Amino acid sequence: MPKDAIGYALSALNNIARSDILDRLHLRTTAENLSYHLTRSGFRAISTSSRAFKAANPLKKPQRLHAPGQTTDYFDLNITDEQRMIRDSVRDFATEVLREEAETADAEQRTSDTVMSQAAELGLNLFAVPEALEGAATERSPVTSMLVAEDLAYGDMGQALSILAPMSVANALTHWGSAQQQSTYLNTFAGENPPRAAIALCEPRPLFDPMNLTTTARREGDNYILEGEKSLVPLAEDAELFLVAACTADGPGVFIIERGTPRLYIGSDSPMGLRAASPRSLKLDSVRVSAANRLGDRDFDYRAFVDLGTLAWCAMAIGTSQAVMDYVVPYCNERKAFGEPISYRQSVAFMVADMAIELDAMRMLTYRAVSRAEQGRSFQREAHLARTLVKDKAMTIGTNGVQLLGGHGYTHEYPVERWYRDLRAIGVAFGGLHL
Amino acid sequence: MKVLVAVKRVIDYNVKVRVKPDNTGVDLANVKMAMNPFCEIAVEEAVRLKEKGIASEIVAVTIGPKVSQEQLRTALALGADRAIQVETDDEVQSLDAAKMLKAVVDKEEPNLVIMGKQSIDTDNNQTGQMLAQLAGMPQGTFASEVEVEGEKVKVTREIDGGLLTVSLNLPAVVTTDLRLNEPRYASLPNIMKAKKKPLETVSPADLGVEAAPRLKTLKVEEPQPRQPGIKVESVEELVDKLKNEAKVI
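From first to last, the protein sequence lines stand for chains Z and S. Here UniProt numbering is used: position 34 in the first sequence is 34, and no number is missing along the way. Here UniProt numbering is used: position 220 in the second sequence is 220, and no number is missing along the way.
Hints listed in this document are in silico derivations from the structure and should not be mistaken for laboratory results. Honestly, I wouldn't trust all of these hints.
[Said to hold, decoys possible] Quick look at which bits of chain Z chain S covers, simulated, 3 or more residues with Cβ under 8 angstroms:
hint : segment
1    : 78–85
2    : 88–96
3    : 213–222
For clarity, every value in this text was computed on a predicted model and none was experimentally measured. For each residue, glycine too, the CB sits at the ideal point set by N, CA and C.
In isolation and in its complexed conformation, chain Z is listed as follows (with noise of 0.2 angstroms):
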């Protein structure tokens, strides 16, 4: 190929630049800088005088692609008014009440008879009982029961975990639940004092999987015998009703339990976080239950049941970890040491640039697995995808919460230690709620 202008003078630089004369003159750095120069601008200035550039219909203004007419629901993030009215009346309680009363919650291990009335006075449950039964529902809506989620949770997850556990048996009943098991039980969820009620799903042994249940329900005539352990079912000590999970000759099934069903017993085991809701185990040692108690028709979907709980997890916890974020990042702008804010350490800075962006990603997977269900879609792998990165993230985020705040986050004075340990519930929970 024949060389032209700009061939010749880079074979010229190199030999410059192989020639040993520089070395000895102590001159390869100022060469080697002299040679980057020279190529660059000889590089641009071939580029610029290839092709020129006419204007050939002139424009009166400049145009612009517009964003499409018909937004496409997919991806479509935007809360409608009703949802942002409820987000702003949810987010207001949790932050004046729940967060308030957290601390001695937590401490007492219970959700106050106080706090409940006033969500029942919110109207969250009457938000999961269809309007036939007194309640105030028209339609399905997991995006909005997400939404209430979070932002309970963003005050305080065990409250929040109180609070969510009986609308989720709402949710189950008027999702899956008979003519008859919704005039028997939903109902009272619509009334002034409606119930507390919890879903047991949960087993305590390693690996737990929901769709693997060791917890047995055998059919014996008109009855079912339900047999196993359940684990971090909230509300024990006093809810009223229990949705059961259970495996049964045809699958997977959900038993609903009375209080005060013989042979139905109640650990004493705390757990380390959500203290408020107060999880405790339940043993079922042949529980006799009638076979019109088992939830759904043919029609049932356990897979569903299970992971629309997962996803009422997944938003708690990224309620809790926006509770989180939104402590750190005021505390390191303000909190000094070495003389400057310690946001102005990288270490610092960088740890809260990557908890905003996870925080944000799991909210969108999220979002999108429960926008999904709502639309009536498959939704279980996308539900996955949620769970594995929000258990990941959001317990690194709460561990980060601690780390930030140094020898403050370690104490009780601050409320980091307890979304520390409300958040580390995400690794063992699974299903249990239901949007």
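Knowing the structure of chain Z, use the given hints to seat chain S on it.
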């Protein structure tokens, strides 16, 4: 009895307000807006009057751009029966707001008007008083207690040095102070119902009022940051500083 409640859309009280670089005002881009806290108290008071069986209808009214419908929906979710929006994108100052509200009062003929004593954006504390004057109604401002007794309303007012109780003939204008009540949270079912309640939109021209600003904002500035305090070694030094530096004793 019909109660008219005026509400205003302002920057949410939790937001840290930023001044625009050119000092012409505060930055409203991407800032969370909410109902003025004093207006929330006014809505709550009206709803309580309805719950007591004294008020029969609550009409919420606001003046502002189209988006201020959000605050009317909030008022409806809190318990108002219907809403009127006076839609305008122009700046509306106290006197113009009072004139527009007067036109609404003429049309609606409420027995009681309840509104916030001031909005937390401009802090003027004028509209209620101006409305009372324009509409020829008695006024009970800075109310910490409101009691309707037949054709009269007894208003306990928070004033310097104590409480003053006035009795007003209805119809009257009452403006709310912070301690009048603690507003409730809008319940989810009521938020759902709010969508179905009527919301009427009118323009200032429909009311025969033309907004004409009489005040010009010259400059908006951030308040001076507070100077950090100092530590003194002894009482003598403290007294010396108070006397000679601060000159307060």
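Going down the list of hints, with the structure as the test:
1. 78–85: That given contact holds, which follows from 4 residues of the segment 78–85 of chain Z lying within Cβ reach (below 8 angstroms) of chain S.
2. 88–96: Since 5 is at least three, the answer is holds.
3. 213–222: violated (count 0)
In summary, the one numbered hint that this structure violates is 3.
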